[in-house]
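Q: Letter by letter, the chains look like this.
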Amino acid sequence: MSLSRTLAIFVRQLFLLKSNPTRLVSIFLWLIIDIIQWGFISKYLGSLGQATFGYVTVALGAIILWEFMGRIENGIMMAFLEDVWSQNLINFFASPLKVREYLGGLILTSITTGLAAFLAMVAVAGAAFGYHVLRIGFLLLPFMLILLLFGIAMGIFVSALIFRLGPSAEWLGWPIPLVLSIFAGVYYPVSTLPATLQTCAKLIPPAYVFETCRAVLAHGTLPVDFAWNLLAGALLSLAYLVATSLLFVGVYRKNLESGTIARFNAEAL
Amino acid sequence: MTHGTILSITGLTKQYDSFRAVDNISFSVDEGEIVGLLGPNGAGKTTTINMILGILKPTGGSIKVLGKKLEKRRSEISNKINFAAVYAHVPANLSVRQNLYVFALLYGITSVRQRIGALMQEFDLEHFADTKAGLLSSGEMSRLNLAKALMNSPRLLLLDEPTASLDPSISRLVREKIKEYAAKTRAGILWTSHNMNEIEAVCDRVLFLSHGTILLSGDPKTLPAAHGKEDLEELFIAVAREPVSLKE
Numbered sequence: 009m010s011l012s013r014t015l016a017i018f019v020r021q022l023f024l025l026k027s028n029p030t031r032l033v034s035i036f037l038w039l040i041i042d043i044i045q046w047g048f049i050s051k052y053l054g055s056l057g058q059a060t061f062g063y064v065t066v067a068l069g070a071i072i073l074w075e076f077m078g079r080i081e082n083g084i085m086m087a088f089l090e091d092v093w094s095q096n097l098i099n100f101f102a103s104p105l106k107v108r109e110y111l112g113g114l115i116l117t118s119i120t121t122g123l124a125a126f127l128a129m130v131a132v133a134g135a136a137f138g139y140h141v142l143r144i145g146f147l148l149l150p151f152m153l154i155l156l157l158f159g160i161a162m163g164i165f166v167s168a169l170i171f172r173l174g175p176s177a178e179w180l181g182w183p184i185p186l187v188l189s190i191f192a193g194v195y196y197p198v199s200t201l202p203a204t205l206q207t208c209a210k211l212i213p214p215a216y217v218f219e220t221c222r223a224v225l226a227h228g229t230l231p232v233d234f235a236w237n238l239l240a241g242a243l244l245s246l247a248y249l250v251a252t253s254l255l256f257v258g259v260y261r262k263n264l265e266s267g268t269i270a271r272f273n274a275e276a277l
Numbered sequence: 446m447t448h449g450t451i452l453s454i455t456g457l458t459k460q461y462d463s464f465r466a467v468d469n470i471s472f473s474v475d476e477g478e479i480v481g482l483l484g485p486n487g488a489g490k491t492t493t494i495n496m497i498l499g500i501l502k503p504t505g506g507s508i509k510v511l512g513k514k515l516e517k518r519r520s521e522i523s524n525k526i527n528f529a530a531v532y533a534h535v536p537a538n539l540s541v542r543q544n545l546y547v548f549a550l551l552y553g554i555t556s557v558r559q560r561i562g563a564l565m566q567e568f569d570l571e572h573f574a575d576t577k578a579g580l581l582s583s584g585e586m587s588r589l590n591l592a593k594a595l596m597n598s599p600r601l602l603l604l605d606e607p608t609a610s611l612d613p614s615i616s617r618l619v620r621e622k623i624k625e626y627a628a629k630t631r632a633g634i635l636w637t638s639h640n641m642n643e644i645e646a647v648c649d650r651v652l653f654l655s656h657g658t659i660l661l662s663g664d665p666k667t668l669p670a671a672h673g674k675e676d677l678e679e680l681f682i683a684v685a686r687e688p689v690s691l692k693e
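In order, the protein sequence lines correspond to chains A and B.
My numbering puts the first sequence at residues 9 to 277.
My numbering puts the second sequence at residues 446 to 693.
In case anyone wonders, no lab produced these hints; they're calculated from the structure.
Heads up, some of the hints might be wrong.
[Stated by the list, open to error] Straight-line Cα separation of at most 20 Å, EDC-like style, residue types lysine to aspartate or glutamate; simulated pairs:
1. B:Lys-502 / A:Glu-90
2. A:Lys-262 / B:Glu-516
3. B:Lys-624 / B:Asp-569
4. B:Lys-622 / B:Glu-567
5. A:Lys-26 / B:Asp-575
6. B:Lys-517 / A:Glu-265
7. B:Lys-514 / A:Glu-90
8. A:Lys-262 / B:Asp-462
9. B:Lys-509 / A:Glu-265
10. A:Lys-106 / B:Glu-521
11. A:Lys-106 / B:Glu-516
12. B:Lys-577 / A:Glu-90
All of these numbers come straight from a predicted model, not from anything done at the bench.
So that you can see chain A by itself, here it is in the shape it has in the complex:
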């Protein structure tokens, strides 16, 4: 694995971000609007009834973590799409670049933009709604890591789909976080779901993250299944990461056989 080649993929994306401010704005704008909107919704809900916990902390915290994961997924997909749109895959894959180095560059790009977006969300939520990111303490870090790994896995999954199906499959990437959020317990406890969907939720790593965070914030102590949730979330995320990386490599090999890399935009399935 060559660091220089991985860096080449990353540097190309940095050049793109630097050269056109619309790319930078697209990373932050929707997230900040989301935070402001959910901040006001949380504030309003918190003012109703006799809530025993801070709505802002619970809802806004969940939104920030969820958007962080979505941004990681999005970061990989967008970086991949930049190469699709500029028909650059042939230049890259005719060079000494290995497919794992290419994925490494996409991941590096997405972690950079994802962390920048996370910090921006935390800053806006703190300044506008008094949200404190470390309210659940440093427990946040391992759970963020689970979301990071799962976000990377989802980004690679969507990129593999586009790589296999062609540029018109781009839209598949956009609804994935929304669909996953149904099962992940971002906005409500998983117990709210019907039994069948609860079973699905067990396969979604973020569900373990949000269940634990909610329990910590509601009761102020670690839930009894804390260690299990951490382990299950981490192992599942790693499993998805390995599986989706293998899928991407498999699609790359298939494309080498079909000639799709040289004529990607022809969408010759």
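Following the hints, put chain B in place on chain A, whose structure we already have.
A: Relative to the frame of chain A, chain B by itself:
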């Protein structure tokens, strides 16, 4: 003059379902040699080049570059190869300098800034260093593609219609640069073009492909007469229209 083999192709085949794009072809390119790969559209030239570049997996046969099998050591071998093709421009949304920087990292160049400076000077791109590639004229873009293609001082250079859509003056400049490179570095060059005058001026040897097979090969200056044709263009037309009559 030594004649070490840079590229050696044996029994190369590419089959797509029932269509055989390249059919059991064998040829080699020696040190310092410029070989023209000619043939009508769809003859299998680009398919062959894509297989040598490692972006298309052959169905059969072997490709060896500098004695090493491409299939087994693609990344290592790709460091010794580069290409310029009319259908593969560098990204339009990066500047000339940024593009060269990214490719310098990809090809593991050690003195990146010096190499980029030298290439920009050689291809007269210094004034466009901060211009986005998409804003360059066809001639400037071709010079950039060529600068990228020579970034790693390749031992094997693959050129797929490098002068297509260029005016005669720029075409000549590109030809001169490439000939100069082959003479100076003893690199092997595989060149496709539909411009027969160009091929005659540049190539030491030509291979005529038709329906995925090598129909004819030889010196571009003597081959037409050997087959009763006036010039290379007439021979090309015969290959395209009546290939069966020309089988060696």
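Q: Confirm or reject each hint.
A: Each hint tested on the structure:
no., hint, in the structure
1, B:Lys-502 / A:Glu-90, "violated, 25 Å"
2, A:Lys-262 / B:Glu-516, "holds, 15 Å"
3, B:Lys-624 / B:Asp-569, "holds, 17 Å"
4, B:Lys-622 / B:Glu-567, "holds, 9 Å"
5, A:Lys-26 / B:Asp-575, "holds, 13 Å"
6, B:Lys-517 / A:Glu-265, "holds, 16 Å"
7, B:Lys-514 / A:Glu-90, "violated, 32 Å"
8, A:Lys-262 / B:Asp-462, "holds, 14 Å"
9, B:Lys-509 / A:Glu-265, "holds, 19 Å"
10, A:Lys-106 / B:Glu-521, "holds, 10 Å"
11, A:Lys-106 / B:Glu-516, "holds, 13 Å"
12, B:Lys-577 / A:Glu-90, "holds, 15 Å"
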